[in-house]
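Each chain sits in its own coordinate frame; assemble them with the hints.
As given, the protein sequences belong to chains A and R, one line each in that order. Residue numbers for the first sequence follow our numbering, beginning at 1 and rising by one. Residue numbers for the second sequence follow our numbering, beginning at 126 and rising by one.
Please note: incorrect hints may appear among the correct ones.
As the list claims (entries may be wrong) - Estimated spans, in silico, between C-beta atoms of each pair:
1. 66(A) to 275(R): 47 to 57 Å
2. 343(R) to 66(A): 25 to 35 Å
3. 6(A) to 314(R): 29 to 39 Å
4. 275(R) to 116(A): 51 to 61 Å
5. 275(R) to 112(A): 47 to 57 Å
Hints listed in this document are in silico derivations from the structure and should not be mistaken for laboratory results. All C-beta atoms, glycine included, are put in the ideal place defined by N, C-alpha and C.
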Amino acid sequence: MTENLSIIKVEDVLLATIPSDPDDETIAKLQDGILESMKKYKVKGVVMDISAVETMDSYFARAIMETAQMVSLMGGETVIAGMRPSVAITTAQLGLTLKGVHTAIDVESAMEILRKGSQEGREKK
Amino acid sequence: MKNKQKKEVLNILKKNKNKILKKWLSSIIDDLRVQDNPELKRELKENSQDFVDLLIKSASSGNFENIDAPEYKPLISFLDNYAEIWKDWGFTLFELASHLSIFKEIWISFLVNELKDKIHLVPEYSVVIAKLLDKLTFMMLSNAIKRREKVIAQQSEHIMEVSTPTIEVWEGIVTVPLVGTLDTPRAQLLMEVLLKHIVDTKSSVAIIDITGVPTIDTRTAQHLIETITAVKLLGAQVILTGVRPEIAQTIVHLGIDLSGLITRSSLAAGLRVAFDYLGLKVVKKDESKEEKI
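In isolation and in its complexed conformation, chain R is listed as follows (with noise of 0.2 Å):
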């Protein structure tokens, strides 16, 4: 298409800014909504009116193919923000793409008014403006996706982070309570968070509470028994607690060797050899005068 008819394009909405505004804002606020939200409302009528500015003024360049290029970058910019604004006010991405597409139809509509006596070149206009209103929506679809898509990332990472916690129960000790399966990642993840605190706080004992973990298989084991193997490397004991009665059967009945580790059934129990482990003794106050521990 030529410059000419690009422009002529253009012209058609810019002459006709207002009415088509208008016309698109009154389809939008059909939306109930809408029609209870004065400031709603207001926004609205603000960010159309941004909208149309910036469209026109991108497309002034005679660029309407290429969105990535830089007389663009105001407009998709605006369309994210606008994405997040809508986003709060409570409507979804399909709702915000079928406004933009009233849009479009809007602005076609109002080229059939316009060029009455050329109408044969309606059809090649209505594809330039359906295409790059198309690209527009796709391209602030897609960008709201990868927002989003970029929180989940960062929610599971959070979730993994706080699914192996390390505590130093006393000085010395530290605890990692481990609820849920214990996969290859958390695994991993478990042994470079144990062995960074123990290093970080010169600990020589490591209780692995396995309480929260529903069941142990032989590679869940073989995950247990690395990390055990590489606490003990440097140089600090490992006591693993919390082995319940099915999980004492499965270990058995699966020919897992865990021999040369201490176990216990409760944390309690754990914390205890610990401490006989670093020589120290709980006492109750009243049996003897000094406070020990």
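Bound conformation, chain A alone (with noise of 0.2 Å):
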């Protein structure tokens, strides 16, 4: 399962890939991963590419919007990409709402969001 994730740097960016199903330990790896890659490259923020996960738990969800919190505490800045839409309706219906947490479609807009930088949020207006 781990040897499925993977923390690339891409330009000024980290790009983590979710596997389909990750267990507690996976997520453990990506949180240690991610953080400890900030810390080795200056990056802007961190594109989670959850694309081929297939199911969100509140466990996952708050990995991921803790990842956030730090990330953002190391001056980074985190956006989730790629969720799947049967995976937004059962989040949303668990009424995890992923505050904090910047959502794009795809990993290209993602990267996109990261780039324009944080004064055009996209959580405003």
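The following block contains the structure:
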């Protein structure tokens, strides 16, 4: 499972790809890996590609929010990219809102959000 | 009943086939609609003949009871087809059933004629015939009803589909005009359709227009909020338009929290917000030489 997890640096952004059914161990590794890479490379933010994720539970949602908070403490921004419609429906029905995390339709627009910077944050308006 | 007796019952039908058919047809043709229609008359004649032939063929196996058996398959499918043709001619299922009942009566009346010398057998034989034909009639009716129910189910599914159209009004802007009450199955469908459309078109703004929604209650609002949360999770912005005065009043009176959501009274105003969000501007041609939008 863990070998599917990849965290790579693309220009000034970290791209983390999450496997389809992440277990607790994978999520912990993901968090460590992202924070380590944040320290190693000077990047603007993190894009978490969850297009492969088929189910979202409260634990995973909380882990994402916490990771986003940690990234923000280290001076970065987090964008969740490519959530599947079915995952979005269950997440909304569970009442999980992923507060403080940007969302994007795919990795490409996630990169664009990070490049534009926080002053144009999508949550505003 | 013994096979020999069954054969006897069937032989009476075989022997008097043409007479029975003639009598049966004349009683059906008494119907006014049939009298003025030579084409229908001809078709009726052919179909009655086919019915009797198939019945004889099926019953020759000695099976008078189990019409689910393979030997009755051709007869049942003939009856199903017959029911459809009759429907097209404007007859009701009730009329069709009563025509089969007439056939049953005629067959039994011939039985009485033929078995004058052993009249004590008639009641038993009649019951066998009646049971068989009743079973066939019920089977035909239930199949016809099943077919109609299937059509109704398909139509309601179709209505559901057309009731939640998603339109890409501009590159990156998806609109859903909602018409009618937003109940749970529709809300679920709306969510699925809208989210799929957003992903397919990679849109970043979704406009949900509730001009056609007569009233809003807490449940409808809950559905809307869920949909909006899900859309936001995909990374798109939601604009709720068509908030009429009554709806605005209801929302405030019910204490529904729609803060954090862009709402506008008209679709046009919502579209303007969406353009603004995408960094687009609508200008008059003569005010600006360059074509913008």
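Against the structure, the hints:
1. 66(A) to 275(R): 47 to 57 Å: holds, 51 Å
2. 343(R) to 66(A): 25 to 35 Å: holds, 32 Å
3. 6(A) to 314(R): 29 to 39 Å: Given about 36 Å between the Cβ atoms, the range holds.
4. 275(R) to 116(A): 51 to 61 Å: holds, 53 Å
5. 275(R) to 112(A): 47 to 57 Å: This hint holds: roughly 49 Å between Cβ atoms.
Consistency with the previously given hints is maintained throughout, with no hint failing.
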